[in-house]
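Top to bottom, those sequences are chains A, B and C. Heads up: the first sequence is residues 8 to 657, going by the working numbering. Heads up: the second sequence is residues 65 to 398, going by the working numbering. Heads up: the third sequence is residues -1 to 414, going by the working numbering.
No lab work stands behind these hints: they were computed from the structure. Owing to the predicted nature of the structure, the values given are computational and were not obtained by experimental measurement. Hints should not be assumed to be uniformly reliable.
To be verified - Partial selection, computed: residues in chain B whose CB lies under 10 Å from chain A: (1) Y123; (2) L154; (3) M247; (4) P249; (5) T308; (6) M356.
Every residue, glycine too, gets a C-beta built ideally from N, C-alpha and C.
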Amino acid sequence: MKKRILLILSLVLILSMFLAACQPETQEAVQEAVEEVAEEVEEAVEEVEEEVAEEVEEEVAEETEEAAAAGPDLDPAEVAASLPREETVYIAGLQWSAVVGWNPYSSANNNAMGIAAGSNARVPIFETPYMYNMINGEQIPLLADGPWTWNDDMTEITFTLKDAAMWSDGTPVTAEDVAYTWATHVKYETTAGVGYGDYIDNVEAMDDKTVVVKAKLDEDGNAINPLLLKAYVSSEYVVQKAWTEILEARAGNDATALKEDPALDFVSSGPYTKFYDDDQKVVYIRDDNYWGQDASMWGALPVPKYLAHTIYADNNAGFLALKAGEVDVSQQFNANVQDLWLVDNLPISTWMEEAPYGLTASLPTAYFNLESFGLDNIAVRKAIAYAVDYDTIIANAMTNQSPTFDQVPRSVMNPTAGEQALYDQEAVADLQWVGNDIEGANAILDEAGIVDTDGDGWRELDGQKLSYNAVCPNGWSDWQAAMEIVAAAGEKIGIEITTLYPEWGVYQTVFVNGDQQEYDIFMVWSDGAGPTQPWGRVRQLMYGQFAETQGNWNGNWGGYINPRIDEIVNEIPSVTDQDRLVELYTEATEIYLTDIPSFTLMYRPDQFYTVNETIWTNYPSAEDGRNIPPMNLLDGFSIAGLYELELVNP
Amino acid sequence: MKGYVKYFSGKLVWFLITLVAAFVLNFVLPRLMPGDPVAIITQRTVQGMASQAGIQKVYQQYAELFGTNKPIHEQFIIYIQNILKGDFGLSFSQYPRPVADILKSSIWWTVALQFPAIILGWLIGNTLGALAAYLKKGFDKVIMPVSIFISNLPAFGMAVVLLVIFGVKLAWFPTSGGYGFDMIPNLSWGFIWSVIVHYQLPFWSIVLIAIGGQAIGMRSMAIYELNADYVKYSRFLGIKDRTTIKYVFRNAMLPQITGLALSIGTMIGGALVAEVIFSYPGLGSTILTAVMGQDYPLISAVTLIIALMVLSATFLIEILYGFIDPRIKAAQTD
Amino acid sequence: MKHTIREIFHSPKFLVGFSIFMFILLVVIFYPLFVTAEPLEIIGKGTFFEPGIYVNVYDGVNSKQYTLNLDDAAEKRIASKLGDQERLDMQEWLLSFGIPEEEIDIYDTEKLIELWENNYDRSIRFPGMTSARQKYFGRLNTSLAGLLSTEGIVLAAENQETGELESTGIIEQTNYLNVGQVANVRVLPLGTDNFGRDMLTELVSATGTSLKIGFIAGSIATMIGLTLGLLAGYIGGWVDDIIMFFTNLFTVIPSIVLLILISYSIGQEQRGAVTVAVVIGFTSWVWTTRAVRAQVISLRHRDHVNLSKLSGHSVGHIIVHDILPYIASYVVMAFILQISSGILAEAGLSILGLGPKTTDVPTLGLMMNWAMIYSAHIMGKWWAYFPVIVVIALVSFSMNLMNTGLDQVFNPALRE
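Could you build all of it, start to finish, from the sequences and the hints given here?
Structural data, given as C-alpha cells:
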C-alpha cells in the first residue's frame, strides 16, 4: 500500500517535470486562461471600486475609518489572480524582506518601495508638501500650492496647501493636518521629531490652508539652522490628523506602541495604496480617486495601475529577473550592466548610455583615524591618498559605474552640476589629486623624513613601523574590492596596510565611537543629494562637534578638529548671497584637500537606476531634457516619471 | 517487557536532557556573537537624525523593548516564560514582526520542497543501488562512478549549473521565487502551475545530489547481504531467488531508513544552499538572514525547530529499532 | 602490509581516483615553479577578461611588420562589424524611415552603407521604438564609420617641444605581425576574475589552500571522532552516555548552523584559512564518532579482546593492540571522506560569505563567492566559476573513488 502511494507520488512529480519542460505551449494556454480570468476580475474590481467610491461619498468624516479600511480590505486574490503585466510596473532593489507596516510615524516599516521619508522622500503613498528634484535642487510643490516663502528674518517658512489636495477618505488636506503631524512627531519622539526638534520650534496652521514652520532661535534671534527648515518641507510626510488620533487612541498614547503599530488602516494622500503583501512580494494599487488628477497638480493619474516589488533573496536573483523582463526598474548595483545591451542585446538602459551610466551623488569615503599612530601626520595621510589607484577602483570594483577623478576632480561636492557650481575649481586645482601617484607619494614621505631605517621594506616614523588596517563591512562587495586596492597602494609606498572586513553588526558598533583605536582607515558612506547639501556633507566630513563623541552617526568619524571649519559650517546655513557661499565652500574644499582627514574613493549614485523596456517605455533618461531625476519613479520629483510611462505595444 | 521499558525510559531521559541542553545552547550561542543588534535597529531608525541625545534615546528605547539591557540570565527566564506561552517574541531584523509569523510563512515552503525531494532521492538512489548490486557488471560499472561523481558535485555547484543551463541559457524554468512574479497566491490552476514550475529547479538540485549518496550506500549494503550466509543457505535449499531477494533487500534497507529519517530531521540545514541560490522562500534562507541580521529571537526559534525535528527523528528511529531488532536493545542495556 | 598495498593499487577504482588526485596535487606543487606571478596580484583594469592570448598593442605596433596579401581580409573585417543581423536591422530602420523596400539591397555592402549614411539620423525615434533600440542604432552607426576605407592608419607621436602631432608611420590594412616576436604577450588560459586577477594562477593556488584546509579539518575531525568513538564504544556505561550526549547535541544543532554561528562570531579578522579549517574540523567529527563506536561495540566481545582482557592488559593496551588494527582500514576511509567533506564545507561557507578573509590566500570557495557576487554566472562569464566547480568536484570525486577502491580491498565481499 505504502509502496503504491510512493510510486504514485514519484510518478506525479516526474510527470510535472516533463510537463514543465515542454512548457511553451502549455504556458500559453495557461496564460490565455489567466488573461481571461484577469479581464473578468478587472471588471469586478472596477465595480467594487465604484462601490467603494460611492460609499465614501455617502458616508461622512465620522465613519472615516471604516471607509478607509474598505478599500484595502478587498481580497487581492479575488481581485486579480495575476497582475496584468501591461498595467504593472515592477521595481527591484528596494525591498529585501517582507513588509512590516504602513505607519508613517515609524521608521521600522521595512516598506521601502512606499515609505521612506528623507531628502528625497518617497511619495507613492504618503506625500510631502514639496518634492525634491536632485538634478537641479528645486523643491516642486506637491501638496503645497506654489513656492514657500521666508519671512524677512529667515526664521519662518510659510506655504499654502492646494485646494484639491484630498485624503484617500475624501476629506481635504488641511493646515491643521500638517501642524498636528509635527506635534505628533515631537510628542512621541519619532525620528523626525527628534531629528528636527533642535531646529524647528513649531509648525502652525494659520488658517485652513496656510502653514507656518517656525525655527528655533539662537540668542541673537536668528534661526539656528534655516537649511533644516527648508529640508523639512520636502522631507517629511503629512499625515491626517483624524487618523493620527485613531492611532493614538489605539496606542494608548504610548510612544513605543504608537511606533510599533503596523497601521493597516492608514489614511494617505498619495496615488497608490496597499493591495497585497507577503514574504515574496508587495503590491500597491492605484487609487483612482487620487486628488492629484486635478489640473492643479498632475492633471492625470499615474499610468500603471499596480506597482509591484518582488522580494528577491539577493542581488543576483533580482538581476536575473531584470534580464528576464520581470523587472521594469532596478535599483541594484548590477556589475557590468552595459553587457545587458552590448552583449545580450536586451532592451535595457541606464540613465546614461555611456559610463558612468548613472547620476552619481554620494561619495563613499575612507576616513583616517587621527588617533592611530602616524595618521596624525599630514604627510602619511597625503601619501596614502595620493598612492591609491582610483582608476582601478572605479574600473574593477564599480565596473565603471562612477566618473573618474579626471572627469570630476575631488572636492567636497558630489558630481551634480548644482553642487559643482558651488565652489571655485580653479582655486583648488593644484590640490586635487588623481591618484596612483606612487612617485609623488614616496617623495612626500621622503621629504617628511619618514623612511625605511631598518631595511625591512616598511617605512618608520620615530623608529616605529607604519602599519594600518583598512576596514569596511563584510559583504559590501564594491567597498571590499576598493579596500583591497587601497592596501595594494600601501605596499607600493612602504606603508603596511592589511584589509579587514568585520561583519556590519560589529563594524557599526566600533566606527561610531570617536575614541576607537581598532580601525585605522575605514570606509563610510556620505550624504547624497538633498536640500541641505552640500552643507550637510561638509559638516559630515569635518565638523568638530562630531569628533570623539560616542554613538556618532553624524560624521567626522576620524576625529578631525579645525575651528575654521566649524565656523564655516555654522555660517553657511544663514548665507543667502551666492558669491559668499562659493567663497565659503571653496575655503572648506581647500582645507579638506590640504589636511586630508579622509579621502573619497569613488562616486556612487543615490539610487542605482536601470530600466527595462520590454513592457514600458518613455522612462526618464539623461538625454530627454525632462529633468526627472533617476530615482526609480518613486523618490521626490522622480515620481513624475510614473505619469509619463507608455506601453511598448499599446 | 521489562527490558523494553528500561530501554525506552533510558532513551527518553537522554532525549529530554539533550532537548534541554539544545534549548539552552540555542538561546546562548546566538547571543555570544559579537556585535550589537540593537545598534543595527537604531541605525535604521535614526538615519538622518542630527541630535546626539536623540539617538541615544532611541537606542535606550529599543534596548528596553528587547530586554537586551538586562543581564543574560534574566533574559533567559523571560524567554522561557514566553516560549511556554507559545510566544517566540519579536524579530529584530524584521521588527516589529513576530517571529512566529515569519516561521509560519516560511516553514511550509521548506517542508514542501525538501520532504518530497528527500523521499524521491532516497527511492531512486536505493533502487539504483540495489540494481547495481544485483545486476552488477555493466550496470554497476556505469552507475557507480556516475553516482559518485554526481554526489560529489558540491550542492551549490549543482544548483548553479542547473540555474545557468535550465534557467538562464534554455530559459525553461524560472530562476527565483516560489511562484510567478506576477501572481498573487490563490487557488487557481494558473497559480498551482506556477508553483509547480518554480518548484522544479530547487527540487531537482536536491534530488540529484541525494541519489548518488543513497545509491552508493544501498549498493554496499545489498552486496553485504547478498553474500550473507543465509542467502547462500537458501540458495542451497533451492528456495526461489525471488523470495530470497525480497529478504536481502529488506535487510539492506534497514540502515538506509535511518539515513532517511536523519535527512528528514536535518532538512532545514540541507535546504539552505538550494533556497539561497534559487531565491526560494523557506527556513533555510530565513536562518541565514537571521544570522546576518543578528536576529537572536529568530535564530533561537529556527534552531529550536531544527533541534526538535532531529531529536524526534532520531528518537523515533531508536524506538523503532528497539522493536525491530532486539539485538540493539540488548547491546545497549548490558 | 605490502600485499595490501599492492592489492590496493590493483583496484581500478582506487587507481583512477589516485591518478586524478595526484595530477591535481602535482599541478598545485609544480605550477608555481613555472608561473611565478602572485596569485592575488591585480593585473587587469576591468573585470572578467575572456580567456585568450593578450598581445601588447604598443609593442605590436612597434614590432616588425609583414605584408600578407590575403583576399578575404577585407571581407572578414567588414563581416566582423556588419553581420547578417546588422544588415537586417539597418533595413528595418531604413524601411521605418520611409525608404522603399526595393531600393534596399542588404547584401550590397557599399550601397547599403551609402544609403545608411545619407539617411540615418540619431535623433529620430519612430513610434513604437524603445529608446534602447534607438541607442542600438546609434552604436551601430558609430561602428560603421570608416568600415569601407582602404587607407591605413597613420601613427603619430607628440612632439615634446611643440606639442604637435607628427606622423611616425602608417599601418596598412595588409600589415601583419608575428605574435612570437612581440615583446609582451600574456596568455590568460582562464581569463581574469572580477578583481582583474589571472584566474588560472589563482585557481591553482586556491586548490592548494583548499586541500590544506581539507587536510587540517579532516585530521581534526578524524582524531576527535576516533578518540571519542573508541572511548564510548569500548568503555561504555556512563562514558558512553556522556559522549553520546554530546554527539547527539552536535547532531541536533546542525553543523552548518553551528559553522555559520562560529564563523560569524570569530569575525573576519581572525578568520584565516587555518582557523576556518579548525572550525570545520571541530564541528564535523560527529559521524566518525558514531561509526567508530558502532564498530568498537561489535568488536569488544570478540574472543581475542576477551583473551587480552583476561591476560590483564590495560585498557590502553587493548585499544591499541586489539581494537585499532581491526578498524584501521575503516578509519583511513573515514579520514579520506572527512578531507573531501572539509573542502566542501569551506566552499559552502565561503559561498555564504562566511569563509576565510580575502586578502591572505585564495580558496576555491572564495573564488566562487566573488564570481557570484559579481554575477559571473548570470553574465555568461563561465571561466570565472565553472572551473572552480569542476576542480571541487574532481578533488572530492577522486577521493571518494579511492575510498570505494579501498572499501573493496578491505571488504572482499564487496568485490565483483
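Would you list, in rising numerical order, the hints stated earlier that this structure does not obey? 5
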